[in-house]
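From these two lone chains plus the hints, build me the complex, please.
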Amino acid sequence: MKLLAVAGKTLREQFRNPWLPLLAVGLGPFFVLLMWAFFPSGGSTTYPVVVVNSDAGTTVQGIAVRSGDHAVAGLRTLTHDTGVPILDVRQVADLDQAREEIEAHRAVAFVELPEAFSRSLQAAHQGTGAVPVRIGGDLGSPVYPVVAIMVADGLDRFARQETGRTALLDLTEVPLGASGSRTEFELYVPGVLVFAIGLMMFAAATALAQETEAGTINRLVRTPVSAAGLLGGITVVQVLVGLAAGLVSLGTAVLLGFRSAGPLWLALPIWVLTSLSVIGLGLLVAAFTRSVAQAFLVANFPFGLFMFLSGTMFPVRGVPLFTIAGHEVNLLDVLPPRHAVNALTSVFSFGSTSIGYELLMLTVLSVGYFLLGAWAFHSRHLRVAR
Amino acid sequence: MTLGARGITRSYGALVAVAALDLEASPGSVLAVLGPNGAGKTTTLDMLSGTTRPDSGVVTWNGMPAEPRQLRRLVGVCPQTVQTWPRLTCAEQVAFLTRLYGLGRSAAADRASVLLDRVGLGAKRDSQARTLSGGMLRRLNIALALVSDPPALVLDEPEAGLDPQSRVLIRDLIGELADDRVVIVTSHDLAEVERVADRILILDHGLGVAEGTPRELLDRFDLGRAVDFSTDPADAGTLLTAVARMGADATASGDQVTARLGAGGPGLSALLLAVERSGVPVLAVHTREPSLEDVFLHLTGRGMRE
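Listed in order, the protein sequences are those of chains A and B. Residue numbers for the first sequence, in this note's numbering: 7 to 392. Residue numbers for the second sequence, in this note's numbering: 4 to 309.
In short, the hints are calculated from the structure, not lab data. Hints are all accurate, no fakes.
Ranges of calculated distance between the beta carbons of each label pair, as one might list FRET restraints:
1. B/N40 x A/R323: 55 to 61 Å
2. B/H208 x A/L377: 40 to 46 Å
3. A/L377 x B/S14: 30 to 36 Å
Covered by chain A, according to a simulated footprint, are these stretches of chain B (three or more residues, beta-carbon under 8 Å):
4. 69 to 83
5. 96 to 105
Since we're looking at a predicted model, the values are computed, not measured. Cβ atoms here follow ideal geometry from the backbone N, Cα and C, with glycine treated the same way.
One chain only, chain B, in its complex shape (with noise of 0.2 Å):
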């Protein structure tokens, strides 16, 4: 079983939300798609679940393209926002989907129950969905998702706004579906996309610009350790600059300037003394290892996007 897609490209008007994109996920793995704001995430999503057709290229299903009809079957969406019936309990929302995929009413309410134990709403099962916990409609969401019992599942954003945990609790629920369906998640958190994805393919402008495991990005970018200075927000541009002078890759945000040693950069010990000449006040320094984050925003650029 495996979802992909070969060269698809859509475009609205003159954007070019997506351009030759290919990709593979299977089960036994997550695939996480990472970009920032307007990368062309969502509308990859919708052309992989038969939302939308791609202009040109094809999606496939075990190595075959697939119509977007045939993909609505197959692939199961869990959409960014919330979308569930407010004054329908959570068996009867996931029984009167089922139903809609064909199934008799009481074998609807037997799918109602399994999905719900499966999702921890199992005690909630009689509690209508306007009376739920953030957490609970989310995990509410993918159960809605799944009444098909689709082979694969696209989850668009499913920890945005949880509280931990509530996290950790779908972190699991994800990991637990990608053992037996193919699982492509988008996010923007790096750091619970390091937990939970088992390979990453980051877009920028619709572009696919690097996918593998996160140590395989992080190893194909080699950017070097990271020594990260915390300084007053005003004298931060004076630090960068006088960072930069001695040739190291730095950024500033904030309070803190990031200059990486690498190949070709400064030394540790030369890096140092170059902020001691500065003049500058700097009120903590720490070196670490690159992260994800790191390699993202090495791909993507720190400029703010729409």
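Excised from the complex, chain A in its bound form (with noise of 0.2 Å):
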């Protein structure tokens, strides 16, 4: 009962004070929009090439013949399963042409037809020889290396269909689950979910820095109530507007085109825990504060720790340890929100039920962050004389 009237009295005052939890629940549904709005129709992107036509063509039974520019027109034919172009290419000049807009972010890659272009390829197609092609660009960035792959395959099958040549290898691409006819947009989803989840810090951490900043905290620990039944009633409702947060998160997903290969309501149990786990994050961070704008101050550290190296935001292989089980360990495998985008990614994307490394993981981290941050919160501002 005093666990209850503990989070009836923090639910009223999450009413009356509502910015925190709104921004916790209204952020991921504004990120879910922002993320479809990046890729319209929920789909794909398209990728600025550059090409460095130098082909001079060639002459066959007295018919012109400019093999470039049909390579140039196979690139643009090229298309996500969604309709819209993988590559958006555009003739430069020259390479100097080519470098300056690679410089400029305004092409990732460049590609370069050699003048000999068209002979090489009769040639080829009478057996003989390779047809040289040049492509770079910043090998440095992410999304070089999936512009090289589909420029070469698009060039390789313009190739195999003017020579007739056939391919060494047969290869077949085989997509798991619902991959394969993912958009990005639902590519990006379980992170985004699992990013409004963990907004929730914020309000946690700030919800108990207030009874500290206020000394009301003083009064409680006088009271017979204990400190599960004081922290359990603030986190019951913290873990309500968590679900709160992903549900309308999700919903959003939902009406703007997303698809879930598995069970949605599996989402569910890993949503709790990790609101738990992100709880307790909050606890630990209240626990060395004593105002809630010092508490926002300091949350911003593990939040963007539990972002940023969880793989919520973007992939990241992080320091693999060791294996257990056939499972590699790997040193950030420490940030509960790294399982929670595995296990919603596998549900959602390969339609997936078999999580159940994943939630253990996440329900041995989220406990154990929870009890670090209870028991920190607890030796700080709830310990009285015996």
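Written out as structure tokens, the structure is:
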């Protein structure tokens, strides 16, 4: 009953000062909307490429042939499953201009078709030689490899079609689950959902810091309410806000065309556990701060760690440590959102319900983080004379 | 019902905050704990209320040693700073704390009504704390200390920063509360303490240096009538020297020099003659009975404390 009294009071306070909970609940859908806007039609990215087409052409049986132009046209026909072009191909005069375009971030890569491109292709058609093509760009760019593969694949297809040669490898791509038909928007949704719950850290930290700042924590420790009752009451409300954040974000995503390959309800335990770990960090922050402003400021640090190193925002390889029962254990596995994103991706993209390992890790870590935060807060603010 | 202490001592590192303090308070009278900053008042209240355990000595309830856990149940605390939930209404705050003591929802609501009426906040029961004036917040602070209906109450500077109307209201409230429970207050306002307290304990450097009713303290230290000379602040030092040369117990503060008439000291006419001979222009002279402040300063000195 005391836990309920604390929960009721916390809920009331949240309703009357709704900025933080609203921020936590509202930012998730906002970012879902943003992602959707970035990828029109739930679609996919079009990568800008510049082509230096120096092909002088050739003559075949008295007919002028300019295979370079056909190759460029072929690159332009490459599309995603959604129909969106993969490459935005522009021709430039020379390599210097291509370099300028790349340095100005107006292109990701360049393709150079040499003067002898058509002649080489004809020679290859008669079974001799290869067709020289140069491709380049900023090899450190994370999207360069994607573009390079697409360009290489496009040109290879064009060359095979022109020469009638067959490929040495008969590659068949097998999409796992529904990953073959996932739009980029859908691929980002699991990360955004975990991000939305991560924002709870601020609400949890400030909810407790305001008790410290107002001195009301001193009143509470004099009452018969236990630390478990007090922290439990506050946690229940924060978990509810976390669930609301997840549900509203997922609802928004579904309305915008997000499709889950697996059962949506599996997201619930993942959210609850992630919320618990986030609240645990909120408790830890509140333990070492004495005001709402301090807590808000300090919470940025663990929030940043949680979001940027866990793979929530973008893939992070981390530091592999060892393998247990077939599962590679990474240094960054100590971050619960890493497991939450993995589990959500498994469910949403692959339709997999085999997320036992991720759920186990998420449970252990979330309970651990929560207990650590509760212990720290108890030691710093709830300890009374025995 | 008595709340007491026998030889309680509490140190923080090398600093002895309270040393071997004895005291006893019972219903029907208000005990005021006075002392300069750092004298040990708050530490004393913390030990009496079960917030802090004494390093040695015991806090007693009805003459028997009481543990901090027991004291937290028996002693309500009204802290110096207002400790309320800004976004809860007065009724919600009281009811919430009451529920933590195990009462049901409706019983807690009833208790909130009773307590808010008692501290004069019945009309503000549905107002959020952040909308209340300073005086109202002080009264709410007291109401929150009373939710468990404790048989003892300690109030740390309950009238600090209040307007005269609120002071009178809180003073009357403290008097009423003392009818049926142990009440201990601390204050810096000696005039206010004279009005509200029946007994006074003066602390200095963690030691109890005097205890008694205001009258008893005045009689015990027989400071003699005081003569206050008002002069230009620039001349106060010269005037003080002239008065002290006559063998008077004298002090200076700003534009005022105070000398005591008493056994061993000069008479009033000798004192006035000495002042006249000093050539210092005196703007006003008046004599008065010694006050509690005189006793307090006599015992604790005039040096500033941290």
